[in-house]
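Protein chains: 2
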Amino acid sequence: MADLSFIPDLPSGPLDCYRSTASFDWKQLKLSLEGDLDLLKLKYKIWKTLEKDLLFAPPSVTPSVEEQKRITQLQLKKINNYKFMTYEMFKSSYSKRTRAIMTINEAVQSVNPSVSVKMAIGIYLFSNALLSLGTERHYKFFEATIWNREILASFALTEVAHGSDARLMCTTASYDPKSREFVVHTPDFKAAKCWVGNLGRTCTHTLLFAQLITPDGTNHGLHGFVVPVRDPATLETYPGLVVGDMGEKIGVNGIDNGFIMFNQYRIPRENLLNRTADVTEDGVYESSFSEPSKMLGAALENLSAGRIGIMQESCHTISSAVAIAIRYAATRRQFGAKDDEIPLLEYELHQWRLFGYVSAAVVFRIYIEKFARIYLNIVEKSNAGLKVDNLSAAVSEIHAMVSCSKPLLTWTTLDAVQQCREACGGHGYLKCANLGDLRCNHEPTVTYEGDNNVLSQQAGNWLLRQYEQAASGVDSPLGTVTFLTRCQDILEDKFSCERTEQLKDVKFIKSTYQWLLCWLLKETHQQYESEVSKGQSKFEAKSKCQVYRWKTLSRVYAEYLAIIFCSESVGQEDTGLRPVLNKLLVMYGLWSLDQHLVELYQGGFASGDSLARLLRAAILEMCAQLKPEVVSVVDALAPTDFVLNSVLGKSDGNLYQNLQKALFGGPGAMERASWWREVVNSAPSKL
Amino acid sequence: MADLSFIPDLPSGPLDCYRSTASFDWKQLKLSLEGDLDLLKLKYKIWKTLEKDLLFAPPSVTPSVEEQKRITQLQLKKINNYKFMTYEMFKSSYSKRTRAIMTINEAVQSVNPSVSVKMAIGIYLFSNALLSLGTERHYKFFEATIWNREILASFALTEVAHGSDARLMCTTASYDPKSREFVVHTPDFKAAKCWVGNLGRTCTHTLLFAQLITPDGTNHGLHGFVVPVRDPATLETYPGLVVGDMGEKIGVNGIDNGFIMFNQYRIPRENLLNRTADVTEDGVYESSFSEPSKMLGAALENLSAGRIGIMQESCHTISSAVAIAIRYAATRRQFGAKDDEIPLLEYELHQWRLFGYVSAAVVFRIYIEKFARIYLNIVEKSNAGLKVDNLSAAVSEIHAMVSCSKPLLTWTTLDAVQQCREACGGHGYLKCANLGDLRCNHEPTVTYEGDNNVLSQQAGNWLLRQYEQAASGVDSPLGTVTFLTRCQDILEDKFSCERTEQLKDVKFIKSTYQWLLCWLLKETHQQYESEVSKGQSKFEAKSKCQVYRWKTLSRVYAEYLAIIFCSESVGQEDTGLRPVLNKLLVMYGLWSLDQHLVELYQGGFASGDSLARLLRAAILEMCAQLKPEVVSVVDALAPTDFVLNSVLGKSDGNLYQNLQKALFGGPGAMERASWWREVVNSAPSKL
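Quick note, the sequences are listed as chains B and Z, same order. Take the first sequence: its letter number 35 is residue 35 in the UniProt record's numbering, and every next letter is one higher. Take the second sequence: its letter number 588 is residue 588 in the UniProt record's numbering, and every next letter is one higher.
Only chain B is shown next, with the shape it has when bound in the complex (with noise of 0.2 Å):
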């Protein structure tokens, strides 16, 4: 057993009913879900550390929004000073590596989400990309933003008129021989770069894909270049440039997005980043791919790191938001027989709302803990130059998994966020409950880097042409989709169950998984192929196979993806932690078919009441197992009280006394108002 006293003790109190029925030993749980004792060290040097300093120390009341964006670029330099990653860790493998920045980025996220977002788009995934788009000519840049943090950099690729549809973008960077340079330019505000995160205040350099033009007037597509924005020394950005901030935002106000419009910029011939493709200094193109679009994509894959990291920080969201409601449902009495009051927790309703999203938190954190090993692990291979098998099939693989992952895991927490919310009542809505924060942040994720209905569709294309060629085998070197081989046999499947028992089965999920994405493929090829066969084009046909059918098949897949990843995990487990992660998978695997039973009547799997009934009862009888667990499973799931941040969720469950002591403690909570005067009546009569 690993010694895990560097976690911190829960204080007695309330909560002991509840915990002292669990059937494990929570700092073991916290251990699994983390997966790596070292890296949950690093975790709590880290929120220590943040702790400590008082520039972490939350303020009372939101500062204003140019505040915020101050603070969280202090915040982000002292987060430099501190070098959480050490020498060793920078030198170590590129696993290694990557998921120590991926722990820090998690550690930091949690405290503020602004700078942690900061930090990896400025800092981390730049310099990444300088590894994988650029060569040798671009290591200064390199050096400058990962050791000497003289660069922030910031990434210029979605424009004003145009988000989700790269290759319409209109920022050109025109070669010109005779100066050696390119011309970079705006043709009006719609191609402005916008949405910038560092942009808008402080960064110095932005990594921009625009169309490169040739001498030739030739267009070779999106490429990237390091734009020089700022001067470092004195943050005044360069003539020729407007640059200006989005303003506020719904949340992450301290990250400062910008917009940027190029007035026939000049850069050096050197700054396009050129691994894939280069232009001489007479203005020739070469490139070593024969296609701008299979170009395109090798760029842009650079970017699904930055998903699985969205991924990484929703598993941190989802458990702060249901460790607060679980926290306070248990300590929060209401109604009951007669006056005895009884914990909402013992509620069935409460109980339903809330277990299927703490299920959801394991699951999801088990399932990308063990997907961004494997992601790494060909990844770094590849980088090293050992021969990965189907390297391309398994890019493929990952991409379609990723894209339809994020949707899930965001959509998920967002609504997590605010059922723990409603079900913490109006203290819920109290800024010092911190579920308004947790949800305003998290809100963007299922936006940014890939629009999440857009994205799902990719999923659905990767999907699509697995079931197309099912007969002659499919490409799945990850083996998520080879049970499509036997696609045919599945789609005979009949429910058949009679009891419970028979549904709250592991097994029993993946095989009804099964035949619901075997049922989803046919309908949405058959739909294809009859609107195609109309004469619509592959762009019209797609579109009219989206809702119902495309839409649904990525979201399945994406549980489905789930569902396995963490029950290969759970059958590893060889200590006491089985049982209850077990009844988190199974009520995680019910709770998601219970949104798709219709598909699973329509398609003939069932008829009648029985498949309903039971899966119904299943589900609440997984509560009623899972009601003795839950406070110590979310003790696992929660940070520190310190980084937790909400006067409803503290471990020591003294519900009241901390809402007092933040009541009566607000700024100025108890004076009259400072502009009284301006408001009362001139000559109010005696009442």
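To be clear, the hints were calculated from the coordinates, so they are not data collected in a lab. A few of these clues could be false.
[As the list claims (entries may be wrong)] Straight-line distance between alpha carbons at most 25 Å, and here's what the computed DMTMM-like set of lysine to aspartate or glutamate pairs gives:
hint, chain 1, residue 1, chain 2, residue 2
1, B, K627, Z, D165
2, Z, K661, B, E236
3, Z, K96, Z, D16
4, B, K538, Z, E346
5, Z, K542, B, E621
6, Z, K510, Z, D594
7, B, K534, Z, E341
8, B, K190, Z, E671
9, B, K190, Z, D652
10, B, K538, Z, E34
11, Z, K627, B, E531
12, Z, K140, Z, E150
13, B, K538, B, D505
14, B, K538, Z, E348
15, B, K522, Z, E621
16, Z, K190, B, E346
17, Z, K661, B, E67
18, B, K534, Z, D415
19, Z, K370, Z, D415
20, B, K52, Z, E678
21, Z, K627, B, D165
22, Z, K190, B, D641
23, B, K83, Z, E678
24, B, K542, B, E270
25, B, K140, B, E270
26, Z, K190, B, E621
27, Z, K627, Z, D16
28, Z, K190, B, E270
29, B, K661, Z, E67
[To be verified] Rough simulated footprint, nothing fancy, chain B against chain Z, three-plus residues with beta-carbon under 8 Å:
hint, segment
30, 56-67
31, 241-249
32, 378-386
33, 445-456
34, 533-545
C-beta: ideal position from N, C-alpha, C; glycine also.
Since the structure of chain B is provided, determine the placement of chain Z on it from the hints.
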């Protein structure tokens, strides 16, 4: 035809192409949705007045919470001065007066929800409560509130540890016959009254609900008392009170929600609102009701006007949200076959994501308008001492209707605003899109004035009573559940349609809803009886029937109500609006039924593929039919551009020009950060 020239015409521009395809005149639809020409004029008058008043100019950056409170209070004072409520309105009939108040509330709410809440609570609900709970001796308070605006009131009901369960509130008002005073006391912080709007900084009086204790020690249950809190001349709180502001919230930060603890605080005997019960000078309790619980019901019934107001505000919020998203969808182009980008509105998936909410906005508006009229007529008759058939049965039915409809409308609106934000992509995340503020300000409506989950249960109670007595007739003066007497026959119905046309019919939708209600009642009743027969208490049995049953039942009933009320109104339309209204109603009905397919399959109404296939095909057909109408529909739903206050939703449709203006004109958007010296590296190397 009414002269609608007071409604400004819409500017010509990019939206023209979609406006020209509508089958109707948008101003006529606007009038129809408002339901009354004079009220529509009043609304525009208010909007135009506030647009000209600099105090109401929307800030470009969210002010501090304290500043929001100050501005809101100043706005409230200004609105008092405008006297939108004329003397004629005030002297007209109860129902006319109340509808005028409702219109003023809605018009003000759409400009600043905080100020309308402060006004509604502090002036209208309080003065109404004085009339219904008080007697002539309280007229001085009434006068000071409604005429002189010297009193600003609040409602102190919720306690820190007791929100939904009012029975167990702990604040006491003990009568002291020696001084002829009530001594109000708060035993501990858990009993502090909290979330009291206006109490934090501004109110002069509070309407306190406290347990009335007579000198013999008897607790007579909750009663209402008028309690002075602040000196109107100085806004100083009185000694004996601990009053504080609740601090920052997720939204509506212009409202100064407060908490209060009473330390043996004395108020005159006459401040008891004594319409239903009084305490004599000697301390003898005299009641016209026999049971304290009934009295509580009478006292709280007063709040249902508040719930109707919330539903009206929800109608406004959902209308604004869909107007923003639809106008954006009509002007934002993305993807397309080859390089021909098409508006988002052309995508079936995008239509499906939004059109259900557009139709909900219209159906809800018509439903609530009709319902409010019926409700007010009944109250008016009853107040006037006229005989109302089955008054107490009508009150019960209305209470059931409100209890399920407030959850339906507020939740649907919450979902709608979220979907609209996502449908506007990243730009929807800008504060100046206004979807974030719409959402955060709407958010508490699902919790206050009766938590949605708790409130829903009350509709279920009434429905089950009707079901149980259906054989001998139902108590449904409004006729919403008279069909239950045919319950057995209805449950024999089977789905037998073969073409989508058969489903796109209000008759089909209504009869399917009736089947659903009968089936859910049967299931819920059976489950309840089975729990009771196992020896569970009524309370426990009810708890075990919520998930999948009671909760669903209440939701389905609310949807059914919206459909039948709207259907009746549409049937009475003799203008050219009937076709579009019918499309919207059918869309809403089918889109809502889609959520209940599982129950339709489970209960045997249908089996196999046809129901789900036809229903979903019909929904997509309705999307296509609504596309040419939808921009004009949202023109009818939307308020003026000043009120909508969204850079993405302006009626001129000049999306990118408006966006450029907003971004370039943001406060300090292109300035160097004032804090740049704090964040630059002291000695950066030249790059």
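**OP:** Enumerate the violated hints, using their earlier numbering and listing them in ascending order.
**Re:** Hint check: 3, 10, 13, 18, 24, 26, 28, 32 fail, others pass.
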